[in-house]
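For the protein sequence lines, the chains are L and X, in the order given.
Note that the first sequence covers residues 0 to 255 in numbering that gives the first Met the number 0.
Note that the second sequence covers residues 0 to 266 in numbering that gives the first Met the number 0.
Bear in mind the hints are in silico, worked out from the structure with no lab data behind them.
Heads up, some of the hints might be wrong.
[What the hints assert, rightly or not] To spell it out: a stretch of chain X is covered by chain L in this simulated footprint if at least three of its residues, at any positions, have a beta carbon under 8 Å from a beta carbon of chain L; those stretches are:
(1) 75-86
(2) 98-107
(3) 136-150
[As the list claims (entries may be wrong)] Computed Cβ-Cβ distance ranges for the label pairs, DEER-style:
(4) L:MET1 x X:ALA175: 39 to 45 Å
(5) X:ARG71 x L:GLY67: 40 to 46 Å
(6) L:PHE83 x X:PRO86: 48 to 54 Å
Keep in mind it's a predicted model, so treat the numbers as computed, not measured.
For each residue, glycine too, the CB sits at the ideal point set by N, CA and C.
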Amino acid sequence: MMARWLAASAFFIALIVAWQLLVAAKIWSPLLVPSPWSVLEYLRSAVEDGTLWESALVTVRRLLAGYGLGILVGLPLGLLTASFRWCQDTIGILALGLQTLPSVCWVPLALLWFGQTEAAMLFVVVMGTVWSLIIATDNGVRTIPPIYTRAARSMGSTGFHTWTHVVLPAALPFLLSGMKQSWAFAWRSLMAAEIYVTILTGFGLGHLLHYGRELNAMDQVIGVMLVIVLIGLTVDKTLFAPIERSLHRRWGTARQ
Amino acid sequence: MQNAEALSDVVTTKLVVDHISKWFRTSSLNVHALDDVTLRITEGEFVCLVGPSGCGKSTLLNMIAGLEQPDRGFVQADGRTIDGPGPHRLMMFQEAALFPWLTVLGNVLFGLKLIDELSVSERRERAEYFLELVGLKRFIHSNIHELSGGMKQRVALARALAPNPSVLLMDEPFAALDALTREQLYGDIQRIWSQHRKTIVFVTHNVREAVCLGDRVILFSPNPGRIREEFQIPLPRLRDINSVDLARYSTEITRVLKGYVQTEVAG
Numbered sequence: 000m001m002a003r004w005l006a007a008s009a010f011f012i013a014l015i016v017a018w019q020l021l022v023a024a025k026i027w028s029p030l031l032v033p034s035p036w037s038v039l040e041y042l043r044s045a046v047e048d049g050t051l052w053e054s055a056l057v058t059v060r061r062l063l064a065g066y067g068l069g070i071l072v073g074l075p076l077g078l079l080t081a082s083f084r085w086c087q088d089t090i091g092i093l094a095l096g097l098q099t100l101p102s103v104c105w106v107p108l109a110l111l112w113f114g115q116t117e118a119a120m121l122f123v124v125v126m127g128t129v130w131s132l133i134i135a136t137d138n139g140v141r142t143i144p145p146i147y148t149r150a151a152r153s154m155g156s157t158g159f160h161t162w163t164h165v166v167l168p169a170a171l172p173f174l175l176s177g178m179k180q181s182w183a184f185a186w187r188s189l190m191a192a193e194i195y196v197t198i199l200t201g202f203g204l205g206h207l208l209h210y211g212r213e214l215n216a217m218d219q220v221i222g223v224m225l226v227i228v229l230i231g232l233t234v235d236k237t238l239f240a241p242i243e244r245s246l247h248r249r250w251g252t253a254r255q
Numbered sequence: 000m001q002n003a004e005a006l007s008d009v010v011t012t013k014l015v016v017d018h019i020s021k022w023f024r025t026s027s028l029n030v031h032a033l034d035d036v037t038l039r040i041t042e043g044e045f046v047c048l049v050g051p052s053g054c055g056k057s058t059l060l061n062m063i064a065g066l067e068q069p070d071r072g073f074v075q076a077d078g079r080t081i082d083g084p085g086p087h088r089l090m091m092f093q094e095a096a097l098f099p100w101l102t103v104l105g106n107v108l109f110g111l112k113l114i115d116e117l118s119v120s121e122r123r124e125r126a127e128y129f130l131e132l133v134g135l136k137r138f139i140h141s142n143i144h145e146l147s148g149g150m151k152q153r154v155a156l157a158r159a160l161a162p163n164p165s166v167l168l169m170d171e172p173f174a175a176l177d178a179l180t181r182e183q184l185y186g187d188i189q190r191i192w193s194q195h196r197k198t199i200v201f202v203t204h205n206v207r208e209a210v211c212l213g214d215r216v217i218l219f220s221p222n223p224g225r226i227r228e229e230f231q232i233p234l235p236r237l238r239d240i241n242s243v244d245l246a247r248y249s250t251e252i253t254r255v256l257k258g259y260v261q262t263e264v265a266g
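Generate coordinates for the entire structure from the input sequences, incorporating the hints supplied.
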């Protein structure tokens, strides 16, 4: 454990040192490639004047709302397409088609429909989340060995009981990986929306990124990118990873 | 008149398979799985169904379990036509059909929780009793993947026994195990059968296994699945699969079986 920590720390320190060395070599203009210290300085000032917290909060709130709604809609729809042929032929095909659409493509439509409102943001995130989640859930349920449901049926389990006690738990590893993938998609959609759309009800991290570009403030651009990466990593490590670990332990699918 | 006959049979006859036929239709194939199969199994009997793959023996087992319906004929348990699965006829599968998201205890409790009359503590007691019976009390909280193949099938056996079915249906339950583990389980299953007097229908393609376990061995031939012959095995219990007497029976049955398979190939 300790050794892994050390190795990881060494790697990232080396990365930062290499960055600093490149800056010191003065190959590129410092306007385009700011030093690690100026990025850190930007982050410090942004934390101090509160803009970073505020933007992060706005973004995370939008993300949670959109992602939550996406799951609430996507999971049941995926279960439906996996269990009824007519759902598969309708919603299933719609989802398959729309999931190939990059989420940024929803932005113009959202703007025209909802204007520069929170609803537009929510719409883009939900559209970016829901289709791939339907597909992942559908696949997950279909991958369950039929022997599980047969065994349950022979013990007298029927209908709803089979669904809640066999199909859902059996599909859980697939549902989780689908949800994880959707989380990444939700992030992407929201950043696309925030960068393209200015909304007066709140400036998110995407807006900070956008204004960084407008102001030619590379330290801000890179600083905000770092924050986005950190939030993504934190959610993965604190939310998804523990659930995944416990699932792997129980199912015996853990990688050594 | 027929009713009177049926009544006098009720005491001893557990399962009646009456002139059943079954077809499986897919887009490219129409398989005649079972053709006019009739079978009578008495209470407490250990019957082995033997035959090459594709002879419909698993299909017949599924019908007794209520997981499939015959296209013609009917299957009765205790004088009532079977129209679905029930806790009195439990199935133990060939592959690991244990639920990996539950512990050993959770798996055994699964069927017990479907019996409304039992209290929580009664369920727990029963589960523990049957896990003890198959020698796995110590592994009660283990995850399924932590068990060996033999232990998994023992859990499956405990899970099938726990709801106290009167009929136990076993679909090649030991096929994936190594010889030594299998031999242990032959002993276990005979012991449990004689203590608890279940009616057992056991499907296998291993003739020796069938002779070791069955009071009666029923030979199937494929295309379409038919009953060809029946053998009574009057050997004393507990039987050892390596005994010479047993080998004599299995040699004889294997010879007959080969005859059918060759005729099929030639025809």
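Checked hints:
1. 75-86: holds (count 3)
2. 98-107: Since three or more residues must qualify, the claim that chain L covers the region 98-107 of chain X holds, with 4 doing so at under 8 Å.
3. 136-150: With 4 residues in contact (Cβ-Cβ under 8 Å with chain L), the coverage given for the region 136-150 of chain X holds.
4. L:MET1 x X:ALA175: 39 to 45 Å: Since L:MET1 and X:ALA175 have Cβ atoms about 42 Å apart, the given range 39 to 45 Å holds.
5. X:ARG71 x L:GLY67: 40 to 46 Å: violated (54 Å)
6. L:PHE83 x X:PRO86: 48 to 54 Å: violated (29 Å)
Hint compliance for this structure: hints 5, 6 are not met, and every other hint is.
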